[in-house]
Amino acid sequence: MKKKNSPLIDIKIQSEDFDVTKENKKLHNNQPGAIVNFVGIVRGVDEKKNETIDSLSLEHYPGMTELEIENIVKESCQRWDISAVTVIHRIGKLLPSDQIVFVGVASKHRQNAFDGCNFVMDWLKTKAPFWKVEENKNKKKWVEFNSLDNDATKKWKT
Amino acid sequence: MVIKYFSWIREHIGKSEESFDLPSEVTTINELINYLNGLNDKYKHAFAKRSLIKIAVNKTYSPIESKINNNDEVAFFPPVTGG
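So the protein sequences, as listed, match chains A and B. So for the first sequence, this note's numbering puts the first residue at 1; every next one is plus one. So for the second sequence, this note's numbering puts the first residue at 1; every next one is plus one.
Please note: incorrect hints may appear among the correct ones.
DMTMM-like mimics (lysine to aspartate or glutamate), calculated; alpha carbons at most 25 Å apart, straight line [said to hold, decoys possible]:
no.	chain 1	residue 1	chain 2	residue 2
1	B	K54	A	D54
2	B	K15	A	D122
3	A	K127	B	E11
4	B	K54	A	E59
5	B	K59	A	E75
6	B	K54	A	D81
7	A	K12	B	D21
8	B	K49	B	E73
9	A	K140	B	E73
10	B	K59	A	E66
11	A	K141	B	E31
Keep in mind the hints are simulated off the structure, nothing from the lab.
Please build the complete structure, drawing on both the sequences and the hints.
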């Protein structure tokens with residue numbers, strides 16, 4: 001049996017912005033037939049309370065964050081035939097419309113790339129130790145966990 | 001032992017990290033929380049909703065009954081909100 005090339009995995013936690021075009025070029029490992037991206041953007045409104053948000057600050061648990069994301073990415077690579085995965089998550093202060101997270105998954109075929117990207121993002125939301133605090137008119141408020149994010153992971157428990 | 005606190009738990013306790021020798025009678029996370037609660041009201045406030053609090057031992061999610069020892073790094077934090 002032909003040995004499968006191990007997927008290229010790149011995980012970065014950074015305060016700087018990222019360039020989606022450059023990241024997609026790096027995902028061209030092992031001649032993929034498909035690359036799927038998820039890019040999270042900071043919303044300027046708290047939809048539950050209909051309040052505007054001036055800024056968002058993110059803190060994380062250095063060391064554990066990388067480990068958790070790596071575990072999620074490795075599991076995605078076991079479930080689907082994936083050639084490369086890049087996860088970039090920003091920390092620090094961000095403004096509405098800023099890019100906050102990038103998940104890029106490359107594969108030979110689109111369905112594996114779609115599913116892999118969705119899987120990584122769903123588990124990142126519920127497992128990776130990041131916390132957001134919203135700021136509005138100099139008032140700070142920690143963002144509460146959304147139970148819908150937990151529900152989203154149920155589809156992968158098979 | 002090193003203990004780390006994040007998000008509003010860090011704010012309630014007033015520090016992000018502390019280290020001390022684990023008393024011999026403290027052998028589980030649950031006992032550690034009880035011990036910390038006995039120190040002052042800041043901990044009591046932070047740990048009031050115990051069922052909400054997530055725990056990591058040596059950077060791995062762990063249940064509240066987990067055994068711990070003096071070489072461990074324990075972290076307490078609220079449910080995560082990244083992405």
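Here is what the structure says about each hint:
no.	hint	result
1	K54/B to D54/A	28 Å, violated
2	K15/B to D122/A	31 Å, violated
3	K127/A to E11/B	21 Å, holds
4	K54/B to E59/A	16 Å, holds
5	K59/B to E75/A	18 Å, holds
6	K54/B to D81/A	33 Å, violated
7	K12/A to D21/B	34 Å, violated
8	K49/B to E73/B	22 Å, holds
9	K140/A to E73/B	29 Å, violated
10	K59/B to E66/A	10 Å, holds
11	K141/A to E31/B	30 Å, violated
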